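Protein chains in written order, with numbering that gives the first Met the number 0: chain A, 0 to 175; chain B, 0 to 181.
Wrong hints could be hidden among the right ones.
Unchecked claim - Keeping only pairs whose Cα atoms sit at most 25 Å apart, straight-line, the calculated BS3-like set for lysine-lysine is: (1) B:44 / A:22; (2) A:1 / B:66; (3) A:34 / B:123; (4) B:57 / B:13; (5) B:122 / A:34; (6) B:57 / A:8; (7) B:61 / A:34; (8) A:37 / B:44.
Note that these hints are calculated values from the structure, not bench results.
Everything numeric in this text was worked out from a predicted model, so none of it was measured.
Residues per chain are reported as follows:
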Amino acid sequence: MKIEEYIHKNKKELDSQLPDREKLWNSIENSLLQKRVKRLQIIRWVAASVMVLLVVGSLIRHELIINDQLTSLSKINKELGKKELDYKNKIATKWTQFASIKAGESPIEPMLIDELKNLDTLYLKGLEEIENTGYNERAVVILLKTYEKRLRIIEQLIYEKQKQRNYENKNIQVEI
Amino acid sequence: MEQTIALQDRLIAKCKKGDSKAQYQLYMLYVDAMYNVAYRFMQSKFDAEDALQEAFVKAFQKISSFKGESTFGAWLKRIVVNHCLSEIRKCKITFKDIDEIPNKDIFEDDVRIEDETPIEIVKKAIDELPQGARMVFTLKAIEEYKFSEISEMLALSESNCKVQYHRSKKLLREKLRNTINN
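Please work from the sequences and hints to get the whole structure.
Encoded structure:
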């Protein structure tokens, strides 16, 4: 007979091996359990990553909104926004310089600080005007001028503070 | 028979929901047959058990993809066979294509076997075949796959599978002749 027929006829006798069923099942069960735990860990990891991304994303969005509010002239056009940001950076640098000088308050300092506060009010009024009446060059010039003035005042504050420090140093030497 | 199929369908449905009792019952229905399939390829108890464990885990994980286009047994056997073949490939055994395809005469001389030949002798002769020939012979003559399926499993052309199968039968005939004559 053909070999295929012979094999087909004796198929049952070919299947003579017997496995250790229980031992094999235990291994399968353990393996399934481990894979389930691993899958859970992956799901948790993915969920945590998504959460981190969402938090970071919302923080970045928040930061962008704040930046957008800070450079409010950028709402009119990019050029003005850039100019305003440039002023703000310069003012921040000067203010840091002023704050780092260790000396007592000079007599002129409260007056200059009041002047800065006035400029803040003037600036807000200018913004309000633009918001209510739309873009007008006069208001924009005023706004930019407030920055220019602020810079000058802070420079004046730095100068006064340095003078005060020099004065205090001299007094210390005299006492010695 | 219908009752068995209905029971099996119920078990499969439960397995799809991750019911471990149903998994165990389904496993018990097929473990013996699948173990013998794996053993024929792996040729050792340890390797067959290892391959079977992996194949069952894979089957239970992918059971939702079983849509009933074939019987569950055929679907499971395909997973076992594919896993065994991939394990064998890992041992750097390749199933090579034959360059030249012989003319049709080679297929005309069909290999025959005496009805009363003891099965143990045939089993031993099959086990002694070179690995490539044994794979093709096992897939075609024992597991009764079509040449198109074997070609897909071994990544060989269908005509090459046919030639290799015929050669494996000839080799088997030689081995049986030698054993019986001795």
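Cross-check of the supplied hints:
no.	hint	in the structure
1	B:44 / A:22	holds, 13 Å
2	A:1 / B:66	violated, 36 Å
3	A:34 / B:123	violated, 39 Å
4	B:57 / B:13	holds, 16 Å
5	B:122 / A:34	violated, 38 Å
6	B:57 / A:8	violated, 32 Å
7	B:61 / A:34	holds, 13 Å
8	A:37 / B:44	violated, 29 Å
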